[in-house]
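Participant: Those protein sequences? They're chains R and P, same order as listed. Counted the way my numbering counts, the first sequence spans residues 1 to 194. Counted the way my numbering counts, the second sequence spans residues 1 to 338.
In case anyone wonders, no lab produced these hints; they're calculated from the structure. Computed from a prediction, not measured in an experiment: that's the story for all the values here. Every residue gets a Cβ at the ideal spot worked out from N, C-alpha and C, and that includes glycine. Careful, some of the hints might be misleading.
Stated by the list, open to error - Pairwise CB distance ranges (calculated):
(1) P:A144 / R:R91: 40 to 50 Å
(2) P:Q27 / R:E157: 33 to 43 Å
(3) R:T11 / P:Q38: 25 to 35 Å
(4) R:D21 / P:Q39: 47 to 57 Å
(5) R:Q34 / P:E44: 26 to 36 Å
(6) R:S60 / P:D127: 28 to 38 Å
(7) R:K167 / P:Q38: 41 to 51 Å
(8) P:A325 / R:N178: 49 to 59 Å
As the list claims (entries may be wrong) - Sample of chain R residues lacking proximity to chain P, with all beta carbon distances greater than 12 Å (derived):
(9) S15
(10) T50
(11) G69
(12) E70
(13) T72
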Amino acid sequence: MKISHTSKQDTDLWSGILNGDDQSFLELYKRYYQELYRYGMRISGDKDLTKDCIQDMYSSIWAKKDELGEVTYVRPYLYKYLSRLVYNGVRYGLKNRLPDKNLENHLNMVMSFEDSLISDETNLAQSERLTKAISQLTKQQKMVIKLKFFEGYDYEEIVSITGLKQKTAYNLIHEAINSLKRSLLVVLWLLINF
Amino acid sequence: MDQKVLRIEDLIEDRSFVSFVFRRDEQSVQKWLLWIEQQPDNLEVINEASYILRSLYAEENAITQTEFDQEENRLVEALGLKVDSGKQIVLNKRSPLSFTFLGIAASVLIALGLGIFFNDYNGFGEDLLVQASKNGETTGVTLADGSMVILNAGSSLKYPSTFSAEVRRVYLQGEGYFDVVKDPSKPFQVVTNDIITEVLGTTFNVSAYEDEGVQVALLTGKVQLTDGNGNTVVLVQGEMATHKNEDTGFVKSEFDKKVINAWRDGDIVFKETSLKVIFNKLERHFGVKIRVAVNMDVSKKYSGSFQNESIEDILTALSIADGFAFEAKGKVITISKP
Numbered sequence: 001m002k003i004s005h006t007s008k009q010d011t012d013l014w015s016g017i018l019n020g021d022d023q024s025f026l027e028l029y030k031r032y033y034q035e036l037y038r039y040g041m042r043i044s045g046d047k048d049l050t051k052d053c054i055q056d057m058y059s060s061i062w063a064k065k066d067e068l069g070e071v072t073y074v075r076p077y078l079y080k081y082l083s084r085l086v087y088n089g090v091r092y093g094l095k096n097r098l099p100d101k102n103l104e105n106h107l108n109m110v111m112s113f114e115d116s117l118i119s120d121e122t123n124l125a126q127s128e129r130l131t132k133a134i135s136q137l138t139k140q141q142k143m144v145i146k147l148k149f150f151e152g153y154d155y156e157e158i159v160s161i162t163g164l165k166q167k168t169a170y171n172l173i174h175e176a177i178n179s180l181k182r183s184l185l186v187v188l189w190l191l192i193n194f
Numbered sequence: 001m002d003q004k005v006l007r008i009e010d011l012i013e014d015r016s017f018v019s020f021v022f023r024r025d026e027q028s029v030q031k032w033l034l035w036i037e038q039q040p041d042n043l044e045v046i047n048e049a050s051y052i053l054r055s056l057y058a059e060e061n062a063i064t065q066t067e068f069d070q071e072e073n074r075l076v077e078a079l080g081l082k083v084d085s086g087k088q089i090v091l092n093k094r095s096p097l098s099f100t101f102l103g104i105a106a107s108v109l110i111a112l113g114l115g116i117f118f119n120d121y122n123g124f125g126e127d128l129l130v131q132a133s134k135n136g137e138t139t140g141v142t143l144a145d146g147s148m149v150i151l152n153a154g155s156s157l158k159y160p161s162t163f164s165a166e167v168r169r170v171y172l173q174g175e176g177y178f179d180v181v182k183d184p185s186k187p188f189q190v191v192t193n194d195i196i197t198e199v200l201g202t203t204f205n206v207s208a209y210e211d212e213g214v215q216v217a218l219l220t221g222k223v224q225l226t227d228g229n230g231n232t233v234v235l236v237q238g239e240m241a242t243h244k245n246e247d248t249g250f251v252k253s254e255f256d257k258k259v260i261n262a263w264r265d266g267d268i269v270f271k272e273t274s275l276k277v278i279f280n281k282l283e284r285h286f287g288v289k290i291r292v293a294v295n296m297d298v299s300k301k302y303s304g305s306f307q308n309e310s311i312e313d314i315l316t317a318l319s320i321a322d323g324f325a326f327e328a329k330g331k332v333i334t335i336s337k338p
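Only chain R is shown next, with the shape it has when bound in the complex:
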């Protein structure tokens, strides 16, 4: 099990926060913002929601610092806290669009999948594994992915923008997705076996 080498410092920061120290609070905020933001985005795909949830989370921590106790592992604590807020945000956002009350149950099922991957310190590793797998994608793969999924171009348009053959573009995308899928599979296996 990998224990974060900064966990001692995290607990110092946390003690500082409980004592009302502004600097400890802001230091903690800075330290994990980037990865928490990434995590919120993975769950929701929504920038504003993620920013607001992180804001709410830290505001609540600061507002309730007199009531909070010590936390041994701050980082997964923050992840868990944030995931609750973000899921509620997504659920709320979809609530009005669900034609049938029963769908709410299935929404819960969809979300608990991701939740289960981040239930404690060990599983944060999966987040890192996926991040690593993404960083290993080639520039061409990333470019075609961006054009297809984020800019909404179809293959014909991608061909004219990049000069690649359609088959090449298709393969680039699918190879990338498969390599990411494999990084997730490893973790699912670990979850089952531990």
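Starting from the known structure of chain R, arrange chain P on it as the hints suggest.
Facilitator: Same frame as chain R, but now just chain P:
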């Protein structure tokens, strides 16, 4: 969609699924939520595909330094925290498009279609400043050497607060107009995707919106281009280089000034759209600035579809429909009711 078992390969190729994942439209969201209910066996593959797509999106949209600063300020203000008033970097903004810039001979035009994906220069821990413009906005910044950059809508520039001893290098995502101060001892480089454009002279036009990949057309002076593979080319006045990918490298040719100045090829389509929005679209698409006279009614709606047409032709068509007059001076177009 009536298939019993879906695979990830099929899901990601389905546009409505991608729309569902990113909640882009009602129809897709409801369609897929309904489908999940009816086909619970496919829940896991749907979750997998969703998570992968959103993770890719998250990497592409990592928080920028500017956004983080804004959020930190928001929190500090909301909670009334005391901040270490150390280094607060104030960006030196130029007033939006004062228009004198575009007449200057030493102007350099750079346009980018595709941006920097997963760039290593996210701003965190780096000594780079970020200037970004929102959609529909242009914003400017002055660099340490006095060079000025005007960013078109939805673009960003990463630059150091002071340049290094050997080179002046900035990173561009989106579209930018550069007014580069001449300094032969320190070349000025703009990094866009994998292409480094080094300014040796004064006036050139770089476009990555063309169908043929990246194109650089040199109006005056001299430019050297390098791609990620080490392919390199030097252009002199009147020459043009096209870059499709790192295998084929650069291809030199002569260029037709009119075609280059028409900027991007591509379709412009609008349906029952107000003139205001149409003009914004044209600004964004062609990299021009459109100034509208006060007596114009920009709420009037029009529909149109243009394929590979120049901005002049599009405006001509619109002017016939709406009865306005327009005048183009370089990249600035003035529209008025006669």
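Participant: In ascending order, which of the hints set out earlier in this document are inconsistent with the structure?
Facilitator: 2, 3, 7 and 10
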